[in-house]
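Enquirer: Here's the letter readout for the chains.
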Amino acid sequence: MTIAPDVLERHGLKADEYQRIVDALKREPTLTELGIFSVMWSEHCSYKSSRVHLRTLPTTGPRVLQGPGENAGAVDIGDGLAAVFKIESHNHPSFIEPYQGAATGVGGIIRDIFTMGARPIALLNSLRFGPLDDPLVRRTFAGVVAGIAGYGNSIGIPTVGGEVGFDESYTGNPLVNVFCLGIANAVDIIKGVASGAGNAVYYVGAKTGRDGIHGATMASAEFDEKSAEKRPAVQVGDPFMEKLLLEACLEVMKTDALIGIQDMGAAGLTCSTSEMGSRGGAGVEIDVSLVPQRESGMTPYEIMLSESQERMLMVVKCGREAEVEQVFEKWDLHAVRVGEVTTDGKLRVKNRGEVVAEIPNGALTDEAPVYRRPMAEPVYIKEVQQLSLASLGTPAAPAEIFRRLLASPTIASKRWVYRQYDHMVRTNTLVMPGMGAGVVRVKGTNRALAMSVDCNSRFVYLDPFAGAQLAVAEAARNVACAGGVPIGATNCLNFGNPERPEIMWQFAKAVEGMGAACRALDIPITGGNVSLYNETDGRAVLPTPVLGVVGLIDEADKVVRRAFQGAGDVVIMLGETREELGGSEYLKVMHGLIRGVPPVLDLAREAALHRVLIDGASTGVIRSAQDCSEGGFAATLAECCIGTGLGVDVEMPGAACATPGLGDIATLFSESASRVVVSVAAGREADLLALAARQGVPARRIGIVGGARIRVSIDRRRVLDEPLSEAEHTWTTAIERFFESARAIA
Amino acid sequence: MKFAVVVFPGSNCDHDAHYAATHVLGQQAEYVWHKDTSLGNADVVILPGGFAHGDYLRTGAIARFSPVMAEVRRFADAGGPVLGICNGFQVLLEAGLLPGAMLRNRSVRFQCEHVLIKTEQTDTPFTLACRPGQVLRIPIAHGEGNYYAEPDVVARLEKNRQVVFRYTNAEGVQTEGANPNGSVGNIAGLCNERRNVVGLMPHPERACELALGSSDGLVLFDSVVRAVTQGAFAAAR
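Residue numbers (the numbering used here), protein chains in the order written: chain A, 6 to 751; chain S, 13 to 249.
Derived from the structure by calculation, the hints contain no laboratory data.
Cβ atoms here follow ideal geometry from the backbone N, Cα and C, with glycine treated the same way.
Take the hints with a grain of salt, since some may be wrong.
Reference listing, derived: stretches of chain S covered by chain A, where coverage requires no fewer than 3 residues with Cβ under 8 angstroms from a Cβ of chain A [said to hold, decoys possible]:
#1 73-81
#2 121-128
#3 180-189
When the alpha-carbon atoms are kept at most 35 angstroms apart in a straight line, the in silico DSBU-like pairs for lysine-lysine are as follows [unchecked claim]:
#4 K14(S) - K448(A)
#5 K212(A) - K47(S)
#6 K259(A) - K47(S)
#7 K259(A) - K19(A)
#8 K448(A) - K47(S)
#9 K196(A) - K47(S)
#10 K322(A) - K563(A)
#11 K47(S) - K335(A)
What follows is a list of derived Cβ distance ranges for each label pair [stated by the list, open to error]:
#12 S119(S) - G659(A): 31 to 39 angstroms
#13 E125(S) - D138(A): 21 to 29 angstroms
#14 R85(S) - E334(A): 50 to 58 angstroms
Please build the complete structure, drawing on both the sequences and the hints.
Expert: See the structure below:
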């Protein structure tokens, strides 16, 4: 049979890719085979555009137990335990159907973690939406948050932190990146491999339906006005089913009866069979007629490509089948033998005994196309890097800017969001969401893990290399603020259409920057996810390479929190403030601009700052720590006060400023990197200053905690004097006010 | 003494209740699978939080048919202390061990946050170590915690002093603002007429250690340890 061009197009395959298929098979493919190739060679599964760049990232280190290539990465956290973690995107489905798109994103990443033999104990998410005054955006935002809550809450994994950002570029293409971390005994980590000819291949979990067919292909295309028609490609999540699957899998893993296990995520049965076979150097043969089906009359094509949720594929040791079946029966789950491991290295799919597809695993995995796509610096870069602060006129009064920044949804409290997430279940949460890095203790040890996901996409837009470095620095800094030593990272790279040279350039530069920063800060990246084609009607999102960093805290009771701890404590500023308003929240909120160059980052100094934070935490000198990011020093100061009932009175030296009349603005709202506001008990300031001096980190006593106002003087002039209660109200209620005012109008 | 922590397939606070009983209180605890027909020789039964059977229908609606529930009922009828937390409370309502029902939160959203509740009754096995009127800071985490009962039922609950916990402000005053979910009469927790079965929406097992933000929930567990030790609510096993 010959495949018509329109069939190829519907499968997202190019003519030259089709030729490669014919070459690999040495014949024309069947329609089922074409479907299998199309999902495995989709951008989403094959990383064909990104792979050459991803190879440059640092992925090894003394603590790395599992690097990229498995379901998730793993690092050694001592006591024989491993932290298993990964971040993944579910952007496209979340735009088409916000609740289910986000919910199944959570479900997918949770499966990736427990597939490794780890019990998931924490979730974080990194979300991006358009501006909240758009009702359609509010609907997407509310739906995504409810979807994350609906899934995570039900399954009982706390969402302990994350970030939410807002920008026009995400209006038609929100970003939903979900991070999950689990704990496993290091020796019990189990992989997605199929080996040992004759071992049984089991299908477990939910039945297969027609949902999600071509989800991976959808996630590899841009959006246009017809995207709503793609709704059937979004899967529907069943967190209860996943909970059963989680418990049953962890129970069965204790029996030592498994060779390997892999979840069926993108590309479903196709991906799990071919990848497990490929990793194990074996073949896998299954008969799709044995697969439990939710609908009647499903074709082999549909069964192989379905992305129905809450399903796993397992290879069971010969002779141990009954044990495994017994566990799944206890949990009222299907566990069906659908095939076996073979020696020929092929994926063989049968339907009632008749072969309907037979493909060498390698052709689907390692030998999938790899592209070195053309790159070109976008023309916008040189233009947007030009910034004349002087031409913006006389700046508004600091108090007005301060209030408007605190009310900016990107800076304001995300309570409206995290209140909907169960963030305390499992009784490990030491630092609640909205307070910097999320921190959970590891039961059975004295340790705790700090986690943060970060990216300032404006910086990446202005300079992808520098912006990605800043994302790494910020995530690691947040973890260090809690007292955590950064020991591993996972990335989620959200970009536009890689077939456009300027997008590919953004991508390549960002990966380069991320790699350089991770190397300098000694943080291996153990896995992650790439999401391309984040465009609607030809407009790409701001490039958003999110980094999730995991930090280890040896003594859980030494964890440092964001909030000031007591009146009379001394406030110390670590780091230097410069006139660095490029890409700042100030420029965006007050002038509607994303311009200039991002703040300068000295990675050696950043590393030194982390050492000060970590030592200051472990010795108990530092009582609170919060880094300066969006909104600069002023916003940070407010965040340290909010929720404590404690005000602050500080005196700052004016930042050196080339633009006349902008000194106060720069001091208060610059987003210079490598800065942290810490507090220490009265009498301990010398200890901290000495510690900072030893590491070569600039440190200065700037004031005292106390009173009921946020007071800032610059060079002995009072420039800010706001009642804490008002700042707190503005910051706390900013996001919910968008929903209340909308309700009032309706 | 020994706690039995009932595990429905969708329970997700079972580990937390077990941890509080064993690691924080230093007592024994055992998980009891919902298909089991024995509670072992437990002195106290906890129905933990979670989503017992997914709860897509009505929270706890299917759990009352789990085999273990007949045994829980027998244990309760014999006077044994039973605590239902969050979903466990919902299960007790559906099983008819406590009166009333749950509606969706007034906000129609899931809510997870610390709230304040006032202990109104100290003659139950789970509150006898409380000071009368003691205000506790304990987290809630639910989407359907809006307690409802017909007015005559509420009147009977009040008359029989069966409202054990009420959402209040820090001074112990029942206000609208202190009510997180719209519950009638700010009711956060109840007991049965015999006073040995207690259900509440807040999670005391999440408030047993200061490191987690509050240890106010410990008093419920301390109470039942004292109650059992004194033989006040011993079940006929």
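Enquirer: Checked against the structure, which of the hints given earlier come out wrong?
Expert: 1, 3, 7, 10, 12, 14
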